[in-house]
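Q: Protein sequences, first through last, are from chains H and B. Plus 7 on top of the position in the first sequence (first one is 1) and you've got the working numbering. Plus 7 on top of the position in the second sequence (first one is 1) and you've got the working numbering.
Treat the hints as calculated values from the structure; they're not laboratory data. Mixed in with the good hints there might be a few duds.
As the list claims (entries may be wrong) - Mimicking DSS-like on lysine-lysine, the simulated pairs with C-alpha atoms at most 25 Å apart in a straight line are:
id, chain 1, residue 1, chain 2, residue 2
1, B, LYS677, H, LYS686
2, B, LYS272, B, LYS299
3, H, LYS677, B, LYS467
4, B, LYS272, B, LYS548
5, B, LYS300, B, LYS256
6, H, LYS257, H, LYS540
7, B, LYS277, B, LYS299
8, B, LYS454, H, LYS686
9, H, LYS454, B, LYS300
10, H, LYS677, B, LYS686
11, B, LYS272, H, LYS332
12, B, LYS454, H, LYS677
13, B, LYS695, B, LYS713
14, H, LYS299, H, LYS255
15, B, LYS677, H, LYS677
16, B, LYS677, H, LYS467
Said to hold, decoys possible - Sample of chain B residues at the chain H side, in silico, Cβ under 8 Å:
id, residue
17, LEU193
18, VAL339
19, THR343
20, SER347
21, VAL351
22, HIS673
23, VAL675
What the hints assert, rightly or not - Stretches of chain H that chain B covers, calculated by requiring three or more beta carbons in the stretch to come under 8 Å of a beta carbon on chain B:
id, segment
24, 342-351
25, 661-674
26, 681-688
A virtual CB, placed ideally from N, CA and C, is assigned to each residue, including glycine.
Number of protein chains: 2
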Amino acid sequence: MGSLTDIGVSAGINILSALGFLLAFAVLRIQPINDRVYFPKWYLKGTRSSPRHLGTVISKFVNADMSTYIRFLNWMPAALRMPEPELIEHAGLDSAVYVRIYLLGLKIFVPIALLAFAVLVPVNWTSGTLENEKGLSYDQIDKLSISNLGKGSKRFWAHIAMCYVFTFWVFFVLFHEYKVVTTMRLRFLANQNRRPDQYTVLVRNVPPDPDETVSEHVEHFFAVNHCDHYLSHQIVYNANHLSGLVEKKKGLQNWLIYYENKHAKNPAKKPTMKTGLWGLWGQRVDAIEYYKKEIEELCKQEDEERQKVITDPNSIMPAAFVSFKTRWGAAVCAQTQQTSNPTVWLTEWAPEPRDVYWANLAIPYVELSVRRLIIAVSFFFLTFFFMVPIAIVQSLANLDDIEKVLPFLKPIIERNSLRPVIQGFLPGIVLKIFLILLPTILMAMSKIEGHTSLSGLDRKTATKYYVFLFVNVFLGSVITGTAFQQLDNFIHQSANKIPEVVGESIPMKATFFMTYIMVDGWAGVAAEVLRLKPLVIFHIKNAFLVRTEHDREQAMDPGSLDFYNTEPRLQLYFLLGLVYAVVTPMLLPFIIVFFSLAYLVFRHQIINVYNQQYESGAQFWPDVHMRLIIALMVSQILLLGLLSTQEAEKSTIALLPLPVLSLWFHYVCKGRFEPAFVKFPLQDAMVKDTLERANDPTLNLRDYLKGAYVHPVFQKNDIYELVTIDEEEKNPLVVTKRQSRMTTPGGSKFNSSSGTNEGEFSRIPPP
Amino acid sequence: MGSLTDIGVSAGINILSALGFLLAFAVLRIQPINDRVYFPKWYLKGTRSSPRHLGTVISKFVNADMSTYIRFLNWMPAALRMPEPELIEHAGLDSAVYVRIYLLGLKIFVPIALLAFAVLVPVNWTSGTLENEKGLSYDQIDKLSISNLGKGSKRFWAHIAMCYVFTFWVFFVLFHEYKVVTTMRLRFLANQNRRPDQYTVLVRNVPPDPDETVSEHVEHFFAVNHCDHYLSHQIVYNANHLSGLVEKKKGLQNWLIYYENKHAKNPAKKPTMKTGLWGLWGQRVDAIEYYKKEIEELCKQEDEERQKVITDPNSIMPAAFVSFKTRWGAAVCAQTQQTSNPTVWLTEWAPEPRDVYWANLAIPYVELSVRRLIIAVSFFFLTFFFMVPIAIVQSLANLDDIEKVLPFLKPIIERNSLRPVIQGFLPGIVLKIFLILLPTILMAMSKIEGHTSLSGLDRKTATKYYVFLFVNVFLGSVITGTAFQQLDNFIHQSANKIPEVVGESIPMKATFFMTYIMVDGWAGVAAEVLRLKPLVIFHIKNAFLVRTEHDREQAMDPGSLDFYNTEPRLQLYFLLGLVYAVVTPMLLPFIIVFFSLAYLVFRHQIINVYNQQYESGAQFWPDVHMRLIIALMVSQILLLGLLSTQEAEKSTIALLPLPVLSLWFHYVCKGRFEPAFVKFPLQDAMVKDTLERANDPTLNLRDYLKGAYVHPVFQKNDIYELVTIDEEEKNPLVVTKRQSRMTTPGGSKFNSSSGTNEGEFSRIPPP
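Please model the complete structure; the sequences and the hints are all you need to start from.
A: Below, the structure written as structure tokens:
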């Protein structure tokens with residue numbers, strides 16, 4: 008338990024560091040040289056050109072207009088100014104709904120905090136149990152928490168009543184939000200222009216046929232069973248090796264450009280290099296010549312491989328994208344079972360072309376279930392045995408205990424100025440280092456599980472990450488953090504007393520979680536807006552690889568909202584807020600500050616920076632909702648456990664209906680709203696089909712769909728890009744303040760793991 | 008714990024009573040007067056006529072042919088003789104698959120028993136721990152069980168290895184059986200003749216429309232959204248009151264017939280009756296006159312009500328049966344979502360007309376979820392607080408304890424002859440009385456939950472009943488039965504030690520469950536074949552209500568396999584078998600005897616007696632499979648708990664993968680087979696449509712479907728009956744030994760709660 012001073016110092020440090028980040032951001036973002044780091048989204052939209060074309064040499068790199076420095080926090084109101092419909096148009100529904108989660112946090116916790124401070128804090132404060140008991144070390148924060156109530160106190164009824172009020176408030180907000188998001192999704196889908204995925208179904212596990220090729224088999228099957236609706240299909244090639252070659256060529260090309268640039272700057276000296284490992288040894292050769300030859304070689308290999316993939320029947324995967332004449336036909340095929348054997352001819356609505364995860368399209372059914380078993384077991388071990396190192400390091404993070412174990416450190420720790428610093432930072436940082444490594448591992452596990460779309464991978468990884476955070480960060484911190492104090496109690500208790508044990512420890516961990524919120528939340532969000540890593544990478548690329556404006560576009564990395572990484576962490580704050588709302592309301596202001604800051608920052612980021620890899624139409628919302636319900640139920644069960652240790656049996660029984668009600672509420676919401684995120688109503692499809700027939704009776708759909716679902720390495724023209732432009736021409740963006748010059752048509756970022764041919768198509772001059 | 012002698016005596020009693028039932032059955036069934044009780048199925052099929060038409064007066068009632076008495080067990084081989092395909096044709100797929108569950112029991116337990124007796128029994132017997140320890144009262148049966156191994160014995164490895172072997176054997180058998188049943192279902196559906204439900208979808212929650220009636224709204228909606236496929240629809244009327252009237256009229260008619268018969272026998276005396284409550288007081292009137300008047304009155308009321316229901320828009324429910332031009336169109340509509348609001352226009356494949364539960368068709372979505380919450384909570388209370396009376400009565404069932412508490416009973420209990428009798432019967436009978444009351448309550452709960460088909464009600468009730476039996480009979484017997492011995496241990500242990508506590512008690516309860524199997528299983532099945540209740544009711548009706556052959560048909564009650572009542576009880580034997588397979592293999596022979604006897608009896612019953620109310624095509628199998636997996640996992644977890652109390656930690660860890668594997672196996676089976684029971688493959692629909700177009704190009708489907716889904720009280724002609732006859736004409740039954748005279752066309756038994764008009768249409772002479 009840290010003292011109030013510790014918290015104060017920690018808060019000071021974190022506020023200062025957050026302010027530092029924000030200040031650095033304010034300064035860096037108005038430098039023209041960083042423009043492509045902080046406003047890439049507008050470049051991709053084609054509505055912003057490089058400010059470096061204008062003015063003097065110095066003003067190309069450094070902003071000399073002092074007035075802009077005074078208004079350095081201007082971006083905050085600017086981030087709020089764009090109305091939501093425009094935001095959806097600009098950044099996509101996924102992003103717009105994502106920032107609503109932060110807003111949801113405010114909607115839930117601001118009223119709860121007000122009520123808790125009005126009712127619970129006075130009730131706790133005036134109790135005075137801690138003051139009367141001797142030999143207990145307690146703190147001012149504990150006096151405001153439920154710990155200040157004595158065992159069997161009648162005042163617990165206030166907490167129980169508040170728990171009911173909070174629960175119903177959360178129900179109300181969640182139901183309303185689910186309704187709004189569902190409406191947004193349906194409106195978004197209804198307003199979408201024609202897109203290839205509306206007509207297309209992904210078919211997997213095409214059974215082998217001795218007499219027909221996969222292509223013929225697919226055609227015959229759908230021509231028979233969907234005779235009025237089948238239009239065409241696109242075979243899936245196994246091009247994983249080919250995309251590896253493409254990726255490699257791109258790397259070599261970068262090196263070639265680097266050496267050519269070097270040569271151009273210093274024409275007298277021919278750049279040379281060594282051919283061995285990492286250029287450290289081997290024969291010294293002319294670098295430009297060498298790379299030109301290598302690239303030529305690779306081009307030849309690539310062409311051969313391309314031919315091989317197209318002609319070799321073994322590289323055709325038993326999967327296909329089947330297109331229908333109408334959206335109605337596709338909706339029917341996606342939702343129905345095709346044959347009596349449910350493990351073949353599996354149909355699902357095709358993801359957007361850019362959302363497809365190509366490498367997983369051909370996994371047979373049996374292999375899939377084995378993979379899932381293996382991943383489930385390894386995830387279990389990862390989750391539960393990862394706790395051991397955390398427990399060891401974190402238990403060291405209690406300075407008093409460290410002193411006892413290692414008395415020779417005493418002089419260092421006891422120095423007044425240093426102590427609060429270490430105490431404030433240590434536990435949070437230990438966790439943080441673990442957590443940075445994790446999402447990538449979990450994403451790899453999800454890929455092994457065999458999901459076929461990037462959005463699906465994101466959602467599954469987010470679930471895993473949430474479970475991990477819940478067990479290790481939340482439960483792990485609560486239980487092992489107190490292990491030094493309560494070890495004796497623990498050994499003699501059985502495992503199902505977890506609600507009681509955890510509930511009892513909860514009030515004591517309030518200060519730890521306050522620190523955690525400040526380090527991970529406040530400072531983390533402020534660091535997010537600074538974009539330190541993309542800033543550095545951009546400037547390195549800019550220095551070595553950039554010759555033309557086009558190269559600069561390549562160097563620009565807008566990044567995207569990593570749903571699988573950010574959402575589960577954000578859910579942790581909901582969990583903390585709900586758990587502590589009744590127990591230690593003092594924690595709530597910290598959470599409210601986090602949600603406000605994060606809402607501002609992420610709204611700014613999705614407007615100016617991020618470029619989403621795909622658009623799933625907020626398909627993640629059911630997951631978000633479910634995790635909120637889990638947090639709510641956990642908070643109720645822990646309060647139940649806590650009260651049952653306080654000799655308040657009657658009150659425990661009074662809380663029992665709450666988890667049941669929460670579960671029921673979950674099922675009601677699921678039944679009422681979830682189908683809108685999973686299924687495809689025929690009525691809507693029919694309406695759009697009818698409208699289209701009326702508006703565009705001469706449409707050649709076959710031509711339109713041709714090539715839409717070709718593996719990216721085979722695409723000569725970027726169909727998706729054309730579609731985007733098409734859409735923009737029809738629905739011109741509402742006028743923005745920024746100047747339009749159309750240098751950069753929105754280059755979509757294809758599935759990164761299977762490589763892209765951006766290098767090829769982005770050199771085509773825009774129409 | 009009963010001793011070996013107790014078990015022996017109990018076995019003797021139960022074998023004798025079972026034999027008594029079988030003997031009584033053998034004698035009764037060959038009496039011509041009982042022919043309609045023991046062979047009603049053949050009457051309904053029209054292939055058996057009353058043997059009472061032939062021969063002398065005496066031989067009409069009593070069988071005088073002595074040779075038939077000698078062959079009194081003849082029915083057993085006869086029950087086995089009918090091959091399965093013929094059985095499916097004769098009794099339906101539901102029944103044929105149902106008896107396969109008993110066969111499955113034999114397939115699982117015969118090899119397991121052989122292996123257990125070959126390996127585990129010697130291992131246990133030679134251990135001799137119980138002999139060496141003093142002060143322990145043990146029994147010969149305990150010497151054969153796992154209790155005979157000392158703590159930390161190395162011999163536990165034999166049990167663990169066997170647990171693995173048994174588990175994989177169960178996996179193999181279950182997978183194979185699921186596959187066979189799936190194939191049977193698919194073949195059955197594919198071979199079915201044209202039936203109205205193949206073209207029809209049940210639409211619920213039709214949203215109200217201010218301008219249109221429900222009928223118009225349904226027509227417009229489907230004509231637009233399924234424009235190529237929509238054919239017609241049938242509105243659902245709220246005829247619950249009307250069917251009440253019909254039901255009442257039928258009762259009055261029975262009384263009229265009774266009095267008319269009375270008068271016919273004794274023409275001199277006019278029968279009179281009192282009009283008051285139960286005919287006990289009130290004015291004395293001429294009974295025949297009175298009932299004639301009453302029936303006339305009721306007919307008038309009925310006609311008025313009929314008119315009112317048809318004309319009053321308020322009696323039209325927001326539900327409809329929508330028919331399509333093709334099976335393909337119906338399959339599509341049943342599997343897809345219609346609008347973006349998933350709580351209206353809910354479509355599901357229509358149940359067979361006779362399977363519809365009419366009263367539940369109009370429950371709105373929100374009400375449904377509230378009803379489910381209420382039922383879930385009340386079911387919870389029913390399950391867990393029902394244990395209190397059982398615990399009290401059962402704990403009394405331990406004679407030694409009764410002696411201690413009530414010493415004055417000692418002289419009675421100590422009488423050698425009486426003691427084993429009480430000990431053997433008491434606990435089983437206590438349970439039995441509770442259990443008889445229960446299924447009806449649970450069925451009522453399922454009806455409140457709002458399921459729309461009788462088959463669905465059966466399945467949901469079976470699930471509830473299984474949960475109840477598991478908690479109360481299985482867990483309840485294991486834990487509370489030993490409460491007198493282990494109360495001290497229990498109080499000081501926490502609730503999550505249940506696997507350990509239950510596991511530890513399991514070996515000690517073996518004798519109790521052996522008794523239970525004999526009373527509930529052996530004797531129960533033997534009583535089943537005797538049909539005591541229908542026998543008595545038939546003879547009462549026969550004496551008072553029967554004038555013509557037709558009346559006799561009415562009096563005949565074939566009954567049906569009550570899936571919701573029999574299947575969960577049968578699952579209990581699987582659970583006991585799997586739990587005791589490793590612990591006390593001595594229990595297995597008792598279970599094998601039960602399954603053999605039950606297989607014989609139920610095969611005989613479905614061939615000769617039962618007439619199913621509906622045909623769901625073995626849709627219950629996924630539930631059966633899941634409960635078997637649950638039993639398997641429970642057995643593994645309890646063995647784990649048992650071993651962990653035996654100081655065999657390593658072996659406990661060795662068992663941990665088993666529950667995980669079982670769960671995974673469940674999901675594999677679910678993914679592989681379950682869709683065949685839930686969804687409707689388009690390919691199969693398309694094949695049948697194509698065949699039909701070729702075979703019967705002039706079919707007028709609209710005429711065919713007209714009236715198929717009219718509420719039974721409105722039906723003038725029994726469409727279903729016509730279909731059955733139609734099918735039989737096309738596929739004449741394979742020649743049976745019984746003589747065909749077609750007196751009784753198969754009267755289908757409509758939804759009993761909403762009344763039937765059997766009385767009306769069965770008087771129409773057969774075509």
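Q: Run every hint past the structure and note whether it holds.
A: A quick look at each hint next to the structure:
1. In summary, the hint linking LYS677 of chain B to LYS686 of chain H is supported, as the alpha carbons are separated by about 21 Å, within the 25 Å threshold.
2. About 19 Å separates the Cα atoms of LYS272 of chain B and LYS299 of chain B, which keeps this hinted pair within 25 Å; it holds.
3. Only pairs whose Cα atoms come within 25 Å are accepted, and LYS677 of chain H paired with LYS467 of chain B is accepted, the gap being roughly 21 Å.
4. Proximity of LYS272 of chain B to LYS548 of chain B is assessed by CA-CA distance (about 16 Å); at most 25 Å being required, the pair is judged to hold.
5. For the proposed pair LYS300 of chain B and LYS256 of chain B, the alpha carbon gap of about 12 Å is at most 25 Å, so the pair holds.
6. About 22 Å separates the Cα atoms of LYS257 of chain H and LYS540 of chain H, which keeps this hinted pair within 25 Å; it holds.
7. Taking the CA atoms of LYS277 of chain B and LYS299 of chain B, the gap is near 14 Å; set against the 25 Å cutoff, the hint holds.
8. Simply put, LYS454 of chain B and LYS686 of chain H have alpha-carbon atoms about 29 Å apart, too far for the 25 Å limit, and the pair is violated.
9. Taking the CA atoms of LYS454 of chain H and LYS300 of chain B, the gap is about 79 Å. The hint is violated against a cut of 25 Å.
10. For the hint pairing LYS677 of chain H with LYS686 of chain B, the CA-to-CA distance comes to about 21 Å; that is within 25 Å, so the pair holds.
11. Of the supplied pair hints, the one linking LYS272 of chain B and LYS332 of chain H is violated, its CA atoms being roughly 77 Å apart against a limit of 25 Å.
12. Taking the CA atoms of LYS454 of chain B and LYS677 of chain H, the gap is near 23 Å; set against the 25 Å cutoff, the hint holds.
13. The hinted pair formed by LYS695 of chain B and LYS713 of chain B meets the criterion: a straight-line CA distance of about 21 Å does not exceed 25 Å.
14. Distance hint between LYS299 of chain H and LYS255 of chain H is fulfilled; the C-alpha atoms sit about 14 Å from each other, no more than 25 Å.
15. A hinted pair counts as satisfied when its Cα atoms are at most 25 Å apart, and LYS677 of chain B with LYS677 of chain H qualifies at roughly 22 Å.
16. Distance hint between LYS677 of chain B and LYS467 of chain H is fulfilled; the C-alpha atoms sit about 21 Å from each other, no more than 25 Å.
17. Taken as an interface hint, LEU193 of chain B checks out: its beta carbon lies about 5 Å from the nearest beta carbon of chain H, inside 8 Å.
18. Annotation: VAL339 of chain B was flagged as interfacial toward chain H, and the flag holds, the nearest CB pair being 5 Å apart, inside 8 Å.
19. At its closest, the beta carbon of THR343 of chain B sits 5 Å from a beta carbon of chain H; the interface hint therefore holds under the 8 Å criterion.
20. With a cut of 8 Å, the hint placing SER347 of chain B at the interface with chain H holds, because the nearest CB-to-CB distance is about 5 Å.
21. For VAL351 of chain B, the shortest C-beta to C-beta distance to chain H is roughly 11 Å, which exceeds 8 Å, and the interface hint is violated.
22. For HIS673 of chain B, the suggested interface contact is broken, since its CB lies about 11 Å from the closest CB of chain H, more than 8 Å.
23. Evaluation of the VAL675 of chain B hint against chain H yields a held restraint, the C-beta minimum of about 5 Å falling below 8 Å.
24. Counting residues of the segment 342-351 of chain H whose C-beta lies closer than 8 Å to any C-beta of chain B gives 8; at least three are required, and the coverage claim holds.
25. Given as covered by chain B, the segment 661-674 of chain H passes the check, having 3 residues with a CB less than 8 Å from a CB of that chain where 3 are the minimum.
26. Against chain B, the segment 681-688 of chain H contributes 6 residues with a C-beta closer than 8 Å to a partner C-beta. That satisfies the three-residue criterion, and the hint holds.
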